[in-house]
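My request is simple: use the sequences and hints to build the entire structure.
2 protein chains.
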Amino acid sequence: MPYYIGDVIKDSKNLIARTPEKFEEKGVSVELNVCVEGIETDRGKILLADGRRLSYDTLVIGTGAKATLPDIPGTTRDGAFTLKNLRDGINIKEYIKRNRCRRAVIVGAGFIAMEMSEALRNLSLETSVVYRGELPVKNWDPVFSEVVLAELVNNGVSFIAHNSPVAVEKGSDARLCLVTDKGKIETDIIIFALGVRPETKLARETGLETGESGAIQVDSSQRTSREEIFAVGDCCESYHRVSKKWVNIPLGDIANKQGRVAGRNIAGYPMIFPGVVGAQSFKVFGLEVAMTGLDEKTAEKSGYSPAGIIIWGTPVARSMSGGQRLGLKMIADKGSGKLLGAQAVGHSGAVSRINILSACLWSGMGLDEIGYMDLAYSPPFGGAWDVIHTVAQVLEKKL
Amino acid sequence: MPYYIGDVIKDSKNLIARTPEKFEEKGVSVELNVCVEGIETDRGKILLADGRRLSYDTLVIGTGAKATLPDIPGTTRDGAFTLKNLRDGINIKEYIKRNRCRRAVIVGAGFIAMEMSEALRNLSLETSVVYRGELPVKNWDPVFSEVVLAELVNNGVSFIAHNSPVAVEKGSDARLCLVTDKGKIETDIIIFALGVRPETKLARETGLETGESGAIQVDSSQRTSREEIFAVGDCCESYHRVSKKWVNIPLGDIANKQGRVAGRNIAGYPMIFPGVVGAQSFKVFGLEVAMTGLDEKTAEKSGYSPAGIIIWGTPVARSMSGGQRLGLKMIADKGSGKLLGAQAVGHSGAVSRINILSACLWSGMGLDEIGYMDLAYSPPFGGAWDVIHTVAQVLEKKL
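Protein chains in written order, with the working numbering: chain A, 1339 to 1737; chain B, 1339 to 1737.
Simulated from the structure, these hints should not be mistaken for laboratory data.
Note that this is a predicted model, so its numbers are computed, not measured.
Please note: incorrect hints may appear among the correct ones.
Repeated chains share a single entry, so a pair holds when one copy, or any two copies, can fit it.
The list that follows gives simulated cross-link-like pairs (lysine-lysine, DSBU-like), each with its CA atoms no further than 30 Å apart [said to hold, decoys possible]:
no. : residue 1 : residue 2
1   : K1422     : K1360
2   : K1672     : K1583
3   : K1676     : K1582
4   : K1735     : K1360
Right under this line is the structure:
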């Protein structure tokens, strides 16, 4: 009989279902709020924290990722949070309400930090993003990071650069104080948004191989280094179709796909997970920010000779754009002319361009093809030459 | 010395430049408002209506398309228009203003008719679309045509189905009267939006080959059946990468690309036009309507065994969609599992899906690949499983 072991269940309506009836109706035994302490591979059993053992023929590990906390004093203080799952989100909201928070600090400047800054501003909190670097969203070209910074500032978020957290202390006129290497910031709540790491403790203790990325190694069927154990989601690696390397990209869509692939293989309907191209996006206030494939640095590490350019176009035909701009960067290989990656920012149209280019990356298209690709032209949706065509043609000339 | 002969010039800002100085600065002689009466291929000359002859080594034909008028009396009456070029648009606007028009009739229900209905409603005219068929935009699945019809009606446009025009007469309480086989419709202005046909008179008289589509035959370098004569734009054919046939799709983006390809070949920088996949879109009021590739009927005529399904998803993650729906149809080949075409309607997200699928068609992807393709997932822009994934997976099972 299949078991599901975890802290929450998501039902088909994406709400937390703390009652496992739906699963049990379908013959799945559910164990909630119980920790797995170990996997006894020689006996085909898992050991639960309450001392019970459950038998398995096939095991799926979906331990996810854990939020990174800085190694500084005070991060366990009431009011200091990370954001990994829905429960964290609920806790943050309840804390803000209960304590009538007025000021918030977010430590980190990745995309979760950006999304949180919007969420907190929407709750009317004075919000500051504290970051050790110069600009937010460092995975994007600095030109685009500047646009993200402007969007933060235009929406009342303070961006405090070049500050590394040193401690979380009790505040004087607020509940907490974030001490950094440059000063002290009084705040009612602190969100540490410093990224996540794959949660692999159980897998490593079981002797499963992990990869260079630190995540659990799997093959294209989602099998780990032990044939009877599968891994899916943020805890495991995915094959990157552009870099040809196994990477860890902790995103929900990838986890969903891998789960289904593992399920099919276990049920005897073989299927491979065809990999990823690194497509991702987020929204911060009115801005769309997206990327796919590799940046120049990663491309070089993968053996390519990358060249890139940024061009500012318009999301719709110029005559209808009302001055709105869309920045698109493409990166291609000097040797083969193949597209390697793309990034985009704009108040509209950025994600749609990145998705088109993800499909191009998926099938390994070259700039020559992309420059003349047939898109659904209509002035409210793009120019006769879309910004995609322009960037591909100009970059091709540059190679 | 190169010549440009035509009625208007579009300069780099897409405005009509009736003064040819910009071209002449660059060494291009410009002849405006003069008709070419014939091409004397044996002497390498064109004959102008004013009796002059101009010599050429290489000739480019870009005669475009002409709007279709029904063969009924009265279509030349003041107030009866077709819409082919910018001049027509200006004339229509001036006529409406000068005559303080209150009522408009559009004959036809293709995408130009849809765009015109929005434009006329925006000028506060009572607007009726008169169509011989049952539903608007017949190239789309009837399910989607129903959505377009609802959008028209919700925006105050009358849709008068099963009415064929018989005559344009003088009106009694309005300026004109459109007589149909079912009745009489009083109106101040009539727009015939019955599609366009390639303008090939000059080419045919010159003995250039035309294709099955009725448009001028060209090769992938845009050369006609005579080596020294090129053709580009709405007057000529394009290679359809899915049907593997030469077709005539009169759209501005295709014309732009072909013009550049011809120019490069003439200038000695060889380049081929890689063809089209039939991507197209239009906006009618708040609705996005788009398609790419083939529908079932055309697919069958091209030798495929098509199957198609429609699924209603959401343009963004369900939890953020506010009930908004996005309809996506995909058509695939039962034999190979390859995508053959797609159609979409929705108040947002339809064009972006069709563009992604255009890139998939461009590279000949199968449903198996599309069902697990990596897209830039984020709830404000789509679900973890995008509607594209869902349709591809469900259709694959159906094949």
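Now for the hints, and whether the structure bears them out:
1. In this assembly of identical chains, the alpha carbons of K1422 and K1360 lie at most 30 Å apart only when taken from the same copy (25 Å versus 60 Å across copies).
2. When the C-alpha separation of K1672 and K1583 is checked against a cutoff of 30 Å, the pair qualifies only within one copy, where the shortest distance is 20 Å, while the shortest distance between copies is 34 Å.
3. Taking identical chains as interchangeable, the C-alpha atoms of K1676 and K1582 lie at most 30 Å apart whether they share a chain (14 Å) or sit on different chains (25 Å).
4. Taking CA atoms no more than 30 Å apart as the test, K1735 paired with K1360 passes between copies only; the shortest distance there is 26 Å, against 58 Å inside one copy.
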